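Trainee: Below are the chains, spelled out letter by letter.
6 protein chains.
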Amino acid sequence: MKVGGPQEIKTHEYRVGLVPGAVREYVAAGHTVLVETNAGAGIGATDDTYRKAGATIVGSAREVFASNEMIVKVKEPQPSEWAQLRENQILFTYLHLAPDPEQAKGLLKSGCTAIAYETVTDTHGGLPLLAPMSEVAGRLAIEAAGAALKRNAGGRGLLIGGVPGVQPARIVVIGGGVVGTHAARMATGLGAEVTILDRSLPRLRELDELFEGRVRTRFSTIEAVEEEVFAADVVGRFSFPVQARQNSSAAAC
Amino acid sequence: MKVGGPQEIKTHEYRVGLVPGAVREYVAAGHTVLVETNAGAGIGATDDTYRKAGATIVGSAREVFASNEMIVKVKEPQPSEWAQLRENQILFTYLHLAPDPEQAKGLLKSGCTAIAYETVTDTHGGLPLLAPMSEVAGRLAIEAAGAALKRNAGGRGLLIGGVPGVQPARIVVIGGGVVGTHAARMATGLGAEVTILDRSLPRLRELDELFEGRVRTRFSTIEAVEEEVFAADVVGRFSFPVQARQNSSAAAC
Amino acid sequence: MKVGGPQEIKTHEYRVGLVPGAVREYVAAGHTVLVETNAGAGIGATDDTYRKAGATIVGSAREVFASNEMIVKVKEPQPSEWAQLRENQILFTYLHLAPDPEQAKGLLKSGCTAIAYETVTDTHGGLPLLAPMSEVAGRLAIEAAGAALKRNAGGRGLLIGGVPGVQPARIVVIGGGVVGTHAARMATGLGAEVTILDRSLPRLRELDELFEGRVRTRFSTIEAVEEEVFAADVVGRFSFPVQARQNSSAAAC
Amino acid sequence: MKVGGPQEIKTHEYRVGLVPGAVREYVAAGHTVLVETNAGAGIGATDDTYRKAGATIVGSAREVFASNEMIVKVKEPQPSEWAQLRENQILFTYLHLAPDPEQAKGLLKSGCTAIAYETVTDTHGGLPLLAPMSEVAGRLAIEAAGAALKRNAGGRGLLIGGVPGVQPARIVVIGGGVVGTHAARMATGLGAEVTILDRSLPRLRELDELFEGRVRTRFSTIEAVEEEVFAADVVGRFSFPVQARQNSSAAAC
Amino acid sequence: MKVGGPQEIKTHEYRVGLVPGAVREYVAAGHTVLVETNAGAGIGATDDTYRKAGATIVGSAREVFASNEMIVKVKEPQPSEWAQLRENQILFTYLHLAPDPEQAKGLLKSGCTAIAYETVTDTHGGLPLLAPMSEVAGRLAIEAAGAALKRNAGGRGLLIGGVPGVQPARIVVIGGGVVGTHAARMATGLGAEVTILDRSLPRLRELDELFEGRVRTRFSTIEAVEEEVFAADVVGRFSFPVQARQNSSAAAC
Amino acid sequence: MKVGGPQEIKTHEYRVGLVPGAVREYVAAGHTVLVETNAGAGIGATDDTYRKAGATIVGSAREVFASNEMIVKVKEPQPSEWAQLRENQILFTYLHLAPDPEQAKGLLKSGCTAIAYETVTDTHGGLPLLAPMSEVAGRLAIEAAGAALKRNAGGRGLLIGGVPGVQPARIVVIGGGVVGTHAARMATGLGAEVTILDRSLPRLRELDELFEGRVRTRFSTIEAVEEEVFAADVVGRFSFPVQARQNSSAAAC
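Chains as they are written, first to last, in my numbering: chain A, 26 to 278; chain B, 26 to 278; chain C, 26 to 278; chain D, 26 to 278; chain E, 26 to 278; chain F, 26 to 278.
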């Protein structure tokens, strides 16, 4: 198959769909790979790195879209990209179509086959391409909480883990799924006092075993949420509202 | 030296000063050991066990007191024992004389040299014969707390460690010395939420490293004690009042 | 639905089926809740707490049974309660009918639909309403063992975890299910030397990972049981006889 | 003694020397305490909180400086404050005089007795009032590193702890003292790959025991520093240059 | 059933299929057991031990093969054993037939029913009789690696775990299945720096939770393998080539 | 100072006293360093590596001994080396003179100042240059034990850590000093059941905290040693006989 990797064009998007290691896998499997020049600039990968991995470098996104059977991106395609997609072409990237009907129309019009990372499902019903994003989100959430607690950021002037003799921040994690679990791991790693609320008792049991008593697990009732949230310094709500879960792939975590 | 081990006579004292293993050490070091028959009954050690360890068994405490240079006990001597002690004899046992002037007078009158376990000091100022009692006390304290929390014992009906999804008991340990530390180890081992209060910040740092974040350490101020005690399900106070520490060997933990 | 919570009437039953937090959930979901006065006395919940949660307080169990579509209890109904149940009424509580044919007859006669907590099964074959009881049972078992080992309770005079330099108690847990696992967690938390015997090697592997080497796992053969039990200070047998497991919901742990 | 607590006046200084809990300790010990109105605003403590703790609130710093025997601050005094200090008055705060000769002259001129927190030494040669600042500094350092690694902050776009399947950041901590140790604890807590370099092998041994193998300890030679720093994503240098350590209390961590 | 246990005859095979504990289980279940004299010599079990477990001892393998319905061994049968097997007899042992067509022919010719331990499959698709061998293999692999790293064995002169201040060996485990996981547990237990490569991200997540951050998990690409292997002191490759997995039960780990 | 590093000449000595990193430190501190060609062959360090570190390479040990003020080795000097040492020259290496009077005479005759690594004492009475050897010895001891337990090495055919469901080896460590502690760390890391015996209760307490309950600590009496040794699969005796400790620097661990 001919696989193409254009540079991402959305503002502040530093990632790239086709990393050099992936190029090497495609090439080893007998595919040919075209990569737009500077596609890896945001992750510190030069054109030369791509060439060593087996890619051919081309000077423009236009060439990438024009000559490949599958386009690998990370961000949803932008309007200028919809226009370049065509029938018999596969687009492989995050789409998050639910809140973005314009994109959906653009993709339909192009006639391409668009596979959204966030909807790829494994044999156990898991979302293998979404889970790493949730892990990242959960871990980043605690770094964000730490920053938000600083006094000069308008916070309460707390250090997440306190220091010996001084109480740590009390962090409540609502929803013990992938995001919540990774948030809780970072929070306990920094020394916070963490409570995880979830409506699944089996999941709370797993978390109790995973954290070996380092987090409090609490069954999530209205009362429990109220008590915990009012007593908390930081609250992270990582569970889906039921409706969003059914209708939308957008609420990634 | 001739070493003698009488049976303990105080009600509910099941221990014995000279355990068979100690007899064996004395004998190996060239001493002779006389043990009263049934001295080890409370710990399940028969006269035969003592004989195998090298002791001679005699039929009465009187014989033990009469013919030995050092008497090894565990409980403070009772009035009938004071009368049997004599000059040039060493008594080695816990004494706890401070609250017990009658015993002090009895010992003075006997003319013996009485060495109280609880006052033996090592080169670093530690109390090597008192520390194990403090360890035992701290560990037992949590078992006692567990029993006291039971509803049928008049308690709040709490399980120290809760279960997954249900909050554990909140245990406050005042004083992070030997007793408090061992109490905190048992409490965290059972899954409780533990806070240790101490007026020594260096000690709180040591505890923070020892427990690796599993207990909260808090510098003990009036305010901190008030907040923690009112929020606690169990409070253990294991620190000495300053005066007791100076004047008395009695307040063992 | 109209949901009613009577006070428990069996001696030494301090629990209550409808806790205030549950009332709040029912009310938030659009149900109406009637609670007998003093129903929460045993858990320290006043009538006022129930009122704040949205319940109406009535003066007698009779009123609760008379006017509700579902009766929520925790203990199996007593003879005086069978008489108050009626057709078209749901009873939701622990029943443990196997050893109690009189109760079964009483319930049949009432015509009510009785759902036993201990038989509610989740999609993976688990028993979600029984598991917490098993967790509590396993945790309590070790507190009971600690009490039974005390010399003044007729025990061997051992402290479960020993102290540094002194051997801990050797505790053998037969059956690595929910009860056994929680018992083992408490025992290791207190510092005991723990062996878990089970006839499922996959379960022993899970336990080996869970305890990270802190318990010995041993495949349960006649020989292994014999060796371990004779060497143990405490033995907890938490596995079902096969027949009991098939015929009875009573032998909960 | 009459103890006074003025509000801090340096820009972005949100702390206050006399916290309400400390006021309560002074008052309980028989001292009188005057606090400037709004002194606790930056930490969320109202005048009322101070009053409840036993302080008298006054309307200006002038009144605080005029009528008290000891002034408790946290930040070094500013020029307007030097002018208000006087003979027979104790100033208790951080001073960091080494790089600030103007302040030294101002204090000398005032005639007050100024005790710098950072120079208070305990019986083991430790710096009890400096150590908590070092703990805070070490912990904050890792939060700062996390922020600096973000791509939109100009960093390499790394998450400190990576996620499963993706390598974590490699963090090198130069100097295994208080700051370095706390930085390493936070870094390992977040999942980083941490190496601590130190020139004291005994200290590396302590750290090896403290971290139980979770950090690499490496004896610090020119070669080791070179190798580790070039391989690292983040480097924290927390050791004093020798000269600074001798001459100056300023280089707090 | 009549169960027979011959002595193993292959050179350097010290194991025995029927251990005394298993004999006891068979006998308790109503079977009769014949064991060849000295069958347990390699594991230190005397004929007497077998007799106490309920076995009858016979003087030759011939008698064992002649008179039993099931033969329990551990090693694949040797040519002299094929000849003694017969129709209506079950052979229960490891076979590993894939690379050993001669054995396959020998067994076919005997007419016996041969059940290979390594092909017994549980209800979840696991290989319960193979898994323990894989666990042993993984654990032994690290002991072997430790020996191979010694200078006098031609190695690099490294100690797997280093010592404080000196870098440990860098061990790369390719394949995070049973063998690789147990190898990684031993390697981290000895203090090595361990990376596990696997092509299953869900498995890497499980390993990340199991090891709580003590091993690096890395998704296995050509690039990752290349980088890790070149940086490693020890490499263990514990994954199946795809083809071997499909065609053969021989490549057990 | 002129520092010289000859190649080690004793059979099977692969180490070298002057490693390249040390050369770099000496040179950075203003010293000049001469290294014999191939001195680093045993550790994989080429002459070029030494040159890059700042050393001058010379063709023979004779040149190294002839022109330097300090000779740095690792192994005790051999007879041919005694002859090359001279007055006003420092020899810095392990000596272990106690069991080697010939060496002592040789050194005395040379007139050099010989400083034995094993006798260098720090301000706390520690032996900083001996401790790493003890750490290595303790860690190697367990690898040696693992090898000795193998059946083909004449052992009992045990795997140190067993596997899930199978008992691990029981390892008794006599003496909880540096060697014993490191041996115990490796043994617990491999999953063994470890008991440490020591006559110092304070040391047992430290070990109990260090191992967090993963090893049994037991006060070492004749009785305890007897019981533990007879029950053990492996015994490591790492304590000095009292006399050896006083008279000899040779019995390093």
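Source of the hints: derived by calculation from the structure; they are not laboratory data. Careful, some of the hints might be misleading.
Identical copies go unnamed one by one, so any copy, or any two together, can satisfy a pair.
[Stated by the list, open to error] When the alpha-carbon atoms are kept at most 20 Å apart in a straight line, the in silico EDC-like pairs for lysine to aspartate or glutamate are as follows:
no., residue 1, residue 2
1, Lys77, Asp125
2, Lys100, Glu248
3, Lys77, Glu38
4, Lys77, Glu252
5, Lys35, Glu143
6, Lys130, Glu248
7, Lys175, Asp125
8, Lys134, Glu248
9, Lys35, Glu251
10, Lys35, Glu88
11, Lys175, Glu251
12, Lys130, Glu38
13, Lys77, Glu248
14, Lys27, Glu94
15, Lys175, Glu38
16, Lys100, Glu231
17, Lys130, Glu143
18, Lys35, Glu234
19, Lys35, Asp258
20, Lys100, Glu237
21, Lys77, Glu50
The model shown is predicted, which means the values in this text are computed figures rather than measured ones.
Trainee: Please go over all the hints and tell whether each is borne out by the structure.
Mentor: Hints and how they fare:
For the homomeric pair Lys77 and Asp125, neither the shortest alpha-carbon distance inside one copy (38 Å) nor that between copies (43 Å) is at most 20 Å. In this assembly of identical chains, the alpha carbons of Lys100 and Glu248 never lie at most 20 Å apart, being 40 Å within a copy and 24 Å across copies at closest. Proximity of Lys77 to Glu38 under the C-alpha cut-off of 20 Å is found in neither arrangement, the shortest distances being 24 Å within a copy and 44 Å between copies. Proximity of Lys77 to Glu252 under the C-alpha cut-off of 20 Å is restricted to the inter-copy arrangement: shortest distance 14 Å between copies versus 57 Å within a copy.
Within a single copy, Lys35 and Glu143 get their C-alpha atoms as close as 19 Å, which meets the 20 Å cut-off; across copies the closest is 50 Å, which misses it. In this assembly of identical chains, Lys130 and Glu248 lie within 20 Å of each other by CA distance neither inside one copy nor across copies; the values are 44 Å within and 38 Å between. Taking the shortest Cα distances, Lys175 and Asp125 never come within 20 Å of each other, neither inside one copy (35 Å) nor across copies (27 Å). When the C-alpha separation of Lys134 and Glu248 is checked against a cutoff of 20 Å, the pair qualifies neither within a copy, at 49 Å, nor between copies, at 38 Å.
In the homo-oligomer, the alpha carbons of Lys35 and Glu251 never lie at most 20 Å apart, since the shortest distance is 40 Å inside one protomer and 33 Å across protomers. Proximity of Lys35 to Glu88 under the C-alpha cut-off of 20 Å is restricted to the intra-copy arrangement: shortest distance 19 Å within a copy versus 59 Å between copies. When the C-alpha separation of Lys175 and Glu251 is checked against a cutoff of 20 Å, the pair qualifies neither within a copy, at 25 Å, nor between copies, at 27 Å. Proximity of Lys130 to Glu38 under the C-alpha cut-off of 20 Å is found in neither arrangement, the shortest distances being 23 Å within a copy and 54 Å between copies.
Taking the closest pair of Cα atoms, Lys77 and Glu248 come within 20 Å of each other only across two copies (11 Å); inside a single copy the shortest separation is 59 Å, beyond that limit. Only within a single protomer do Lys27 and Glu94 lie at most 20 Å apart by alpha-carbon distance; the minimum there is 5 Å, versus 62 Å between protomers. Taking the shortest alpha-carbon separations for Lys175 and Glu38, only the inter-copy value of 12 Å comes in at or below 20 Å, while the best intra-copy value is 27 Å. For a Cα distance limit of 20 Å, the shortest separation of Lys100 from Glu231 qualifies neither inside one copy, at 33 Å, nor across copies, at 28 Å.
Only within a single protomer do Lys130 and Glu143 lie at most 20 Å apart by alpha-carbon distance; the minimum there is 19 Å, versus 53 Å between protomers. In this assembly of identical chains, Lys35 and Glu234 lie within 20 Å of each other by CA distance neither inside one copy nor across copies; the values are 42 Å within and 35 Å between. In this assembly of identical chains, Lys35 and Asp258 lie within 20 Å of each other by CA distance neither inside one copy nor across copies; the values are 35 Å within and 27 Å between. Proximity of Lys100 to Glu237 under the C-alpha cut-off of 20 Å is found in neither arrangement, the shortest distances being 38 Å within a copy and 31 Å between copies.
In this assembly of identical chains, Lys77 and Glu50 lie within 20 Å of each other by CA distance solely inside one copy; the values are 12 Å within and 39 Å between copies.
Against the hints set out earlier in the document, violations occur for numbers 1, 2, 3, 6, 7, 8, 9, 11, 12, 16, 18, 19, 20.
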